[in-house]
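**Q** Take the given structure of chain L and dock chain U to it, following the hints.
The residues making up each chain are set out below.
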Amino acid sequence: MIKSISIIFRTLRIFWATSLAGEVEYRLNLFVECFSVIGNLSGSLFVLYMFYSNGKYLGGWNWNSSLVVLGFYYLLEGFTIILLQPNLTRIVRHIQQGSLDFILLKPIDSQFWLSSRMISPWGIPSLLAGLILIARGIYMSVHTMSISSILAALTMLISSLAILYSLWFLIATTSIWFVKIWNANEVLRSVLVAGRYPISAYPEVVRAIFTFILPVAFLTTIPAETLLGKSYISWMSSSIMIALILFLTSRAFWKYALRFYTSASS
Amino acid sequence: MTIKKRISYIFKVTYSLLTSQYALMLEYRAEIALWAISGLLPLIMLSLWLEVEPDKSQLLENTNLYRYFISAFLVRQFTAVWVMVSFEQDHIEGKLSTLLLQPITPFWRYISSHMAEQISRLPFVFVILSIIFIFVPNSLWWPGYQDLLLGFIAIFFAFLVRFLLHWICAMLCFWNERASSIERLLLIPYLFLSGLVAPLDKYPDLVKDIALATPFPYILSFPSMILSRSEVDILNGFLFQLGWIVVLSLLSLFAWKMGVRKYSAMGA
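Chains as they are written, first to last, in this note's numbering: chain L, 1 to 266; chain U, 1001 to 1268.
Here chain L stands alone, though its shape is the one from the complex (with noise of 0.2 Å):
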């Protein structure tokens, strides 16, 4: 067990520091990915700040608590950049030019090659972002912080993270099938926006959508009401629940996925 355990270190450590070596040859991102994290901020501040204007609560949460939701969606976006986006993009290539015979014939894990191969640090920005406004939004709208509940909103947050890993490794095993489903991640992108508000501050249909079907809820409101110590432990230990099941779900579909490819032209 440990012995396997640091291998999965070592090979983390060779993965990462050979895409990092090749990332950092374009350093014109880290501007570009920096001017994108304060233009985008700032403007969904100034989104939040035009539904506060009216004088109303978005949701029965108020300012500061919703720049701690806010500030989730950032951590989210983040991780997407870092890890997400760089790694799971690429199955749809490996299928469409037939590269993933070779990763099959690897004495590894693929789902495990997949997701971790590549690393890009032009997520860190956004991670910043994120950490700031949630520390901006604890002190100014709670005195006292324990630490069981920072303890909660981590397990929270990691649940969050592995139900959108799990999302978007599923829609990226599509592709097995499809071949060519790179939209498929834009779309789930594109509704992950809805995270960055509470949900709580959608009509009742839109927030039923929001928790069963596409669970939006759990990637940012719940963390967000965890770290608050607003939050019930039958929302946190379903969180968990559709974690490990998403996550279990996305291996087996996988493992399912892998008996119908034919690698590409033949």
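The hints are simulated quantities; they were obtained by calculation from the structure and are not laboratory data. Since the structure is predicted, the reported quantities are computational estimates derived from the model, not experimental observations. The beta carbon of each residue, even a glycine, is placed where N, CA and C say it ideally should be. Any given hint could turn out to be false.
[What the hints assert, rightly or not] To be clear about the criterion: a stretch of chain L counts as covered by chain U if any three or more of its residues have a C-beta under 8 Å from a C-beta of chain U, and this derived list gives those stretches:
id: 1; region: 21 to 32
id: 2; region: 37 to 43
id: 3; region: 189 to 202
[Said to hold, decoys possible] Here are the simulated distance ranges between beta carbons:
id: 4; chain 1: U; residue 1: Val-1127; chain 2: L; residue 2: Ile-213; range: 17 to 23 Å
id: 5; chain 1: L; residue 1: Thr-262; chain 2: U; residue 2: Leu-1024; range: 23 to 29 Å
id: 6; chain 1: U; residue 1: Pro-1143; chain 2: L; residue 2: Val-205; range: 22 to 28 Å
[To be verified] With the C-beta cut set under 8 Å, the calculated list includes, among others, these residues of chain U facing chain L:
id: 7; residue: Leu-1040
id: 8; residue: Ile-1044
id: 9; residue: Ser-1047
id: 10; residue: Leu-1048
id: 11; residue: Ser-1181
id: 12; residue: Leu-1185
id: 13; residue: Lys-1202
**A** Relative to chain L, chain U alone:
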């Protein structure tokens, strides 16, 4: 060439470009359906705005919101532009060299592929709109023939403004091979100044004035306001659209000339 010959030549080229690109687009129907769905942002914003103003006394306000955002959804569908990504790809892979050898500027090829995609998008947009109107029948409205016609012209102009804007930025590929990351920057003012997240009337005056000085409101807000029958100065809007089209065309001609001179045929 006489003028008559020239006109018939232009017609022939336009027709064959559009039909061939349309056939190409039909190959990727599934993909286009997904693109159509990914433009749902105006509807997400609509549902937020509806909840912020749940006052029953503001029923009129609510119908306006419905109409505005549904129009915005429609406008966004027919002003989608991805020229930076495909131009960058063609540039990196050296395909641009072949395109440059042809007796027609590559610009026309890109713009016709966008227009063909819009045609192939029609049925999906129609389906999404019908779903909205079935579930929220109150939101159905008829803008009238005149506004419908003006709205479509405004959408076409909006598309031209946005395409030219992206085309000029795509020219940056000649200087930096990963220029499509600039697209992320271009997206930000588009998101927040075009009226996509809120009708411009809701903006504070200062921000609204700043926005109106940029081309972005004429890409989305102006056509949506015509279609939703909001109060809007139609003549003024069209003049601004045309003005931006002229300015951006001149700029893009200039950028293209400079860029081609710099082109060194990657991979050759």
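**Q** Run every hint past the structure and note whether it holds.
**A** Cross-check of the supplied hints:
{"no.": "1", "hint": "21 to 32", "result": "holds (count 4)"}
{"no.": "2", "hint": "37 to 43", "result": "holds (count 3)"}
{"no.": "3", "hint": "189 to 202", "result": "holds (count 8)"}
{"no.": "4", "hint": "Val-1127/U / Ile-213/L: 17 to 23 Å", "result": "holds, 18 Å"}
{"no.": "5", "hint": "Thr-262/L / Leu-1024/U: 23 to 29 Å", "result": "holds, 25 Å"}
{"no.": "6", "hint": "Pro-1143/U / Val-205/L: 22 to 28 Å", "result": "holds, 26 Å"}
{"no.": "7", "hint": "Leu-1040", "result": "holds, 6 Å"}
{"no.": "8", "hint": "Ile-1044", "result": "holds, 5 Å"}
{"no.": "9", "hint": "Ser-1047", "result": "holds, 5 Å"}
{"no.": "10", "hint": "Leu-1048", "result": "holds, 6 Å"}
{"no.": "11", "hint": "Ser-1181", "result": "holds, 5 Å"}
{"no.": "12", "hint": "Leu-1185", "result": "holds, 6 Å"}
{"no.": "13", "hint": "Lys-1202", "result": "holds, 6 Å"}
In the structure shown, no violation is registered for any of the earlier numbered hints.
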